[in-house]
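Novice: Next come the chains, spelled out residue by residue.
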Amino acid sequence: MSDLAVRVALKRYDAVAEAPAHVALRDLALTVRHGELVCLLGPSGCGKSTLLNIVAGLDERFEGSLSLPRSADDRPPAIGYVFQEPRLLPWRTVRRNVELAMDPARHGAGLVEELLAAAGLAGFAEAYPQRLSLGMTRRVALVRAFAVEPDLLLMDEPFVSLDAPTAQQLRRLLLEIWQRRPTTVLFVTHDLREAIQLGDRILLFSPPPGRVVADIPVAIPRDARDEAAVEAFRRRLIDERPGDFRGL
Amino acid sequence: MSDLAVRVALKRYDAVAEAPAHVALRDLALTVRHGELVCLLGPSGCGKSTLLNIVAGLDERFEGSLSLPRSADDRPPAIGYVFQEPRLLPWRTVRRNVELAMDPARHGAGLVEELLAAAGLAGFAEAYPQRLSLGMTRRVALVRAFAVEPDLLLMDEPFVSLDAPTAQQLRRLLLEIWQRRPTTVLFVTHDLREAIQLGDRILLFSPPPGRVVADIPVAIPRDARDEAAVEAFRRRLIDERPGDFRGL
Amino acid sequence: QADESVRVAVLKFGTVNWELDTVQAHGLDRANGIALEMLPLAGKSATSVSLQAGAVDMMVTDWVWVARQRAAGMAVSFLPYSTALGAVMVPSDSPVTSLADLAGRKLGVAGGPLDKSWLLLQALARRQDGLDLATAAEPVFGAPPLLNEQLIDGRLDAVVTFWPYAARLEARGYRRLLGVADILQALGFARDLPLVGYVFDERWAQEHPGRIEGFVEATAAARRLMAGSDAEWQRLRPLMQAEDDAVFRALRDGFRAGIPGPWGKAEQAEAARLFELLRRIGGPPLVGTAEHLPEGTFWQGSSN
Amino acid sequence: MRRRRSPGFPWPLLASTLLLLLLWQLLAMALDSRNLPGPAAVAAVLVAQTASGALPYNLAVTLARVAASFFLALTLGVAIGLALGRWRDLDRFFDPWLILFLNVPALVTIILCYVWFGLGEAAAVLAVTLNKVPLVVVTTREGMRALDPGTLEMARVFRFGPWKTLRHVVLPQLAPFLMTAARTGLSLIWKIVLVVELLGRSSGVGFELNLYFQLFDVAAILAYTVAFVAVVQAIELGLLQPLERRVNRWRR
Amino acid sequence: MRRRRSPGFPWPLLASTLLLLLLWQLLAMALDSRNLPGPAAVAAVLVAQTASGALPYNLAVTLARVAASFFLALTLGVAIGLALGRWRDLDRFFDPWLILFLNVPALVTIILCYVWFGLGEAAAVLAVTLNKVPLVVVTTREGMRALDPGTLEMARVFRFGPWKTLRHVVLPQLAPFLMTAARTGLSLIWKIVLVVELLGRSSGVGFELNLYFQLFDVAAILAYTVAFVAVVQAIELGLLQPLERRVNRWRR
Ligand SMILES: Nc1ncnc2c1ncn2[C@@H]1O[C@H](COP(=O)(O)OP(=O)(O)OP(=O)(O)O)[C@@H](O)[C@H]1O
Ligand SMILES: Nc1ncnc2c1ncn2[C@@H]1O[C@H](COP(=O)(O)OP(=O)(O)OP(=O)(O)O)[C@@H](O)[C@H]1O
Ligand SMILES: [Mg+2]
Ligand SMILES: [Mg+2]
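Protein chains in written order, with this note's numbering: chain A, 1 to 248; chain B, 1 to 248; chain C, 1 to 304; chain D, 1 to 252; chain E, 1 to 252.
Hints are computed from structural coordinates only; laboratory data are not their basis.
Predicted model, so just to flag it, every value in this text is computed and none were measured.
In this text, a Cβ means the ideal position worked out from N, Cα and C, and glycines have one as well.
A couple of the hints might just be wrong.
Said to hold, decoys possible - Here chain C is said to cover these stretches of chain E; the calculated rule only asks that three of the stretch's residues, wherever they fall, bring their Cβ under 8 Å from a Cβ of chain C:
#1 190 to 202
#2 209 to 215
#3 235 to 241
To be verified - Derived DEER-like restraints, expressed as beta-carbon distance ranges:
#4 A:R12 - B:A122: 17 to 25 Å
#5 B:A5 - D:A234: 50 to 58 Å
#6 C:G73 - E:A60: 49 to 57 Å
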């Protein structure tokens with residue numbers, strides 16, 4: 001597997017009707033090593049989702065280059081994307097929503113059940129998404145992204161709308177999955193504590209047009225990241241780099 | 001103005017197709033005094049949005065009773081609702097989305113501009129919602145709810161998908177608006193720190209079917225609620241009531 | 001057997017169907033060495049579609065149409081079928097007693113502005129009274145059944161319509177102001193000039209002379225039967241869809257009156273003269289590019 | 001604003017039909033004209049024509065034509081509509097053709113079909129199909145233009161491929177448009193079949209209707225109309241509405 | 001899957017039309033039949049009929065009828081469709097009526113209108129309108145059933161009231177359905193107008209078509225068709241497509 005490398009010289013949304021054109025990203029360069037979990041932080045509207053869409057291959061209208069991690073047999077990587085909105089198919093049940101994303105040849109049948117149970121959705125496999133709470137649909141979207149056993153996992157604020165214990169449990173699930181198979185993860189969050197708890201590195205985006213203004217390795221061993229350690233690291237960041245991290 | 005009082009003996013979603021019926025709320029009673037800001041916390045799927053919909057008058061199919069705060073002239077209260085999803089009209093510009101909710105007779109013209117600027121959306125009044133980031137659409141939804149100068153403000157996780165400084169600024173805006181005119185606020189959040197910072201009281205919901213299991217006044221003066229005080233209160237809650245608050 | 005067959009498009013309740021049904025019922029086709037097949041259709045337009053589509057060998061229409069198509073390069077030919085023509089009908093108590101009285105009245109015209117009866121009526125009005133009916137009266141073109149209803153409802157003052165519809169009106173007590181035969185006569189033509197007839201592809205007829213001859217014989221025999229026998233008409237009655245006896249009699253008598261007489265050189269020359277008149281009034285919309293009655297419009301037997 | 005019928009006994013249908021019959025009866029009595037026979041007169045014709053076998057035969061013939069054209073037109077029209085909705089250049093190029101075919105008078109297609117392919121069943125069905133296909137195309141294409149880009153992007157990221165995307169993402173969103181095409185399609189095809197039968201068939205409701213028109217027998221005309229409407233009503237209750245309930249199961 | 005045309009010069013239209021003409025010419029040459037005259041022959045008729053004033057006159061008459069019926073049918077149909085989509089009980093009750101009106105043969109409405117209201121302009125327009133209204137109702141109602149409940153709830157909470165809700169919440173969501181109704185409506189109304197004119201009017205394209213049909217003059221029939229298609233193409237380019245661009249401005 002190779003690394004993920006993306007370079008965006010310019011990503012501009014054109015003017016439409018009265019709305020002016022908008023430069024969402026400029027001079028952004030980013031490399032994520034194979035199997036690395038990188039957290040992105042940045043103000044609302046700075047272009048994080050735009051970047052994720054570019055990496056996912058959904059948006060090819062940008063100036064720059066993209067190279068995805070490729071596996072040994074050189075097939076394109078399986079991508080799991082937890083969109084910022086759940087984007088489930090409302091006309092398919094929870095189970096079908098997850099199964100449809102999976103490749104039946106690659107994945108066992110029990111996986112869906114297992115993941116749904118782990119996300120606290122055991123009894124809801126046959127429900128249609130519009131009959132779930134928002135937090136539940138978000139969890140389904142998470143399960144879908146996990147279920148494809150992705151080589152590249154893109155997560156756009158996956159744990160909002162979840163109560164703290166559930167979110168914590170899903171973070172653990174993420175780490176477990178990530179450790180079981182080497183998965184490259186790009187994780188967008190607004191929560192510095194969450195970023196510290198999960199990330200190998202934290203990338204901080206500037207206000208729009210988005211650029212990486214800080215690249216901070218999280219220098220705490222994974223098994224030592226309890227609440228106190230995270231809090232301490234956070235304090236230190238805020239104290240050391242008040243310009244970047246104040247208020248986070 | 002009278003108080004808001006809601007009593008839900010039973011709120012049940014009927015079975016449809018293979019999905020079984022689901023009891024979302026049972027034996028829930030709630031009173032919010034005129035001008036009080038009450039925060040609701042509870043696990044994902046416990047029925048918080050269901051309750052807000054009942055209070056908003058959107059769902060009348062429940063067993064129980066609802067009495068809304070009424071103003072002196074006995075007109076029904078103006079309701080501002082920040083839905084869990086932004087629910088903007090994608091075919092109207094940001095400005096129109098806000099203006100449409102307003103009563104032109106009651107509200108001045110400058111208000112929209114002012115609120116958009118306060119939400120960091122100054123340049124985006126003429127943009128269509130699909131050309132905004134999710135965080136930006138959430139802010140528009142907030143502005144809309146504020147712009148109607150509501151007597152009753154329902155907020156369903158209004159500050160997720162926002163970076164911490166922006167969220168903090170909007171919290172201040174909320175408090176400012178709330179203090180300027182006496183507004184009854186029901187505020188759903190998953191963030192205990194946020195609840196402590198904002199609420200007069202915190203109501204804790206049980207796992208489904210939802211009931212109020214704890215009703216905690218936030219006994220810190222409003223002008224003393226800095227980060228340290230909030231953190232201290234939180235610690236105390238978790239230590240004193242581990243059953244209810246562990247993990248929050 | 002296949003090379004004896006003659007396929008004819010007929011209107012299911014139309015007069016042609018009566019004649020051909022008589023042929024079949026009495027085995028007159030077999031007797032004359034042909035096998036008659038009928039394709040019942042619901043409208044006149046359908047019959048012309050069926051001839052173009054090659055689904056039938058013959059249909060019934062007027063020779064003006066034949067002339068136009070011949071001029072346009074479609075080699076069709078004509079054999080007379082009936083001299084029965086339409087009529088101008090008015091309510092029995094109508095103040096209209098002459099052609100000139102039609103001025104300023106609502107006049108229903110079946111078949112459209114190029115209908116032969118309507119053209120001839122205009123010619124006569126112009127010649128007799130110096131009247132341009134197309135502008136002096138208020139013509140309303142429409143489907144014949146609709147026009148009948150409109151007349152009955154009093155929304156029209158008079159109608160120019162085809163003979164079966166005129167017969168129905170007559171049976172209901174409406175007055176025949178003027179028959180088209182009368183118009184022909186007033187214009188100096190023979191009353192009993194056949195206008196409609198069997199129309200077929202000339203090449204087909206040349207390739208199968210036996211069928212044409214057998215067909216002519218068979219239909220002539222049928223007409224003789226229908227002219228003479230009332231019993232024959234009782235047999236045909238279901239095909240005629242007559243609401244009552246009066247209509248039945250009117251239809252029967254109308255048909256009998258329309259049985260054509262001899263069709264020799266003299267009659268054909270008369271027809272050529274009538275064509276000139278129609279061409280003058282109807283113009284290219286009616287006759288297309290035909291300058292005069294094209295050679296071969298009338299079937300002369302397989303020899304020519 | 002959403003309808004979810006429970007299957008039970010269709011009371012509203014009954015009430016509504018009765019009211020309709022009543023109104024018709026009153027109107028017929030008020031007008032007292034042979035141009036609007038009352039329900040009783042029409043029912044008498046219906047019974048007589050059914051007993052004679054004419055009505056069932058002609059109705060069956062027409063329904064067979066309607067069914068054949070319906071399936072052809074829907075399949076073809078949806079396929080073309082999907083293609084035009086999917087590929088913008090294709091759409092731009094063929095849009096004028098579509099407008100042409102949309103606006104060719106039924107008469108023209110019918111004549112040309114009959115003249116070229118003979119006065120046969122195939123020509124008739126083809127003529128009807130050609131008349132309906134452009135309408136299905138327009139409806140489907142309009143649906144394609146309203147697709148939600150979010151779910152399409154999801155399908156792309158998760159590599160649904162064309163077939164899965166069509167089946168699970170596109171078609172469910174097109175459902176209301178396809179329902180429109182089906183509902184209006186049935187009625188339109190039936191109307192065109194009538195003209196087609198008038199112009200060149202020797203059987204079928206259209207053929208009969210025109211005969212009765214020539215005789216101005218309004219009762220018979222209405223009898224055939226009522227019979228066909230009853231069939232469509234049965235299709236609606238037995239097929240379309242259950243299908244719709246199934247398709248809309250997911251709506252909250 | 002979304003189309004957003006820039007207004008510029010319509011090259012695809014030109015190319016597409018030329019290709020169509022070419023194909024037509026080739027087909028006409030291959031068949032070499034009176035039943036399919038080539039573009040040149042049709043153009044000659046077009047010119048002659050335009051010079052004589054017959055074509056512009058008849059086209060104008062027909063277009064006036066089409067326009068009147070179109071606006072009547074769309075207004076009425078959308079209004080009824082909105083009501084049926086909004087009130088479920090109303091819908092259940094009137095559904096059988098709708099199916100009836102949907103499936104009444106054009107012939108029947110036309111005859112009855114003419115018989116009751118005379119062979120006049122009003123009867124003609126009414127007959128066409130009655131034929132089209134049920135189709136618009138079905139389309140609109142299908143759109144109403146697909147409305148997003150989320151935005152409707154929003155409108156309720158913020159007290160939009162019926163008028164604002166209709167204008168800002170409902171109609172924009174119905175836009176693709178209304179577009180379908182408009183696009184297919186124009187073509188359908190034109191087709192029905194032809195039948196109406198055939199049965200009882202003394203002017204208009206349908207009247208002329210029937211004359212030429214009786215004379216089997218296919219060139220003239222095609223000339224009138226081409227003229228009408230050109231008009232619709234102009235409406236499409238000058239009205240519907242700009243409108244569509246405007247209405248879809250908000251899509252990303
Ligand atoms: N329309 C519906 N039909 C059936 N069940 C529903 C419907 N809406 C919600 N539910 C069920 O009711 C329960 C409560 O839902 P609700 O949206 O109120 O939860 P919530 O507390 O807001 O959760 P979250 O924090 O995830 O938003 C859930 O289990 C959900 O599945
Ligand atoms: N389709 C679009 N057309 C035009 N502008 C767009 C479009 N999508 C996004 N933008 C603009 O690009 C900028 C970045 O948007 P993006 O969604 O990437 O932000 P974000 O960092 O994900 O923000 P958030 O944290 O609020 O989700 C925003 O200013 C937005 O208005
Ligand atoms: Mg985003
Ligand atoms: Mg919720």
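Novice: Hints first: check each against the structure and report whether it holds.
Specialist: Hint check results:
no.: 1; hint: 190 to 202; in the structure: holds (count 5)
no.: 2; hint: 209 to 215; in the structure: holds (count 5)
no.: 3; hint: 235 to 241; in the structure: violated (count 0)
no.: 4; hint: A:R12 - B:A122: 17 to 25 Å; in the structure: 20 Å, holds
no.: 5; hint: B:A5 - D:A234: 50 to 58 Å; in the structure: 52 Å, holds
no.: 6; hint: C:G73 - E:A60: 49 to 57 Å; in the structure: 33 Å, violated
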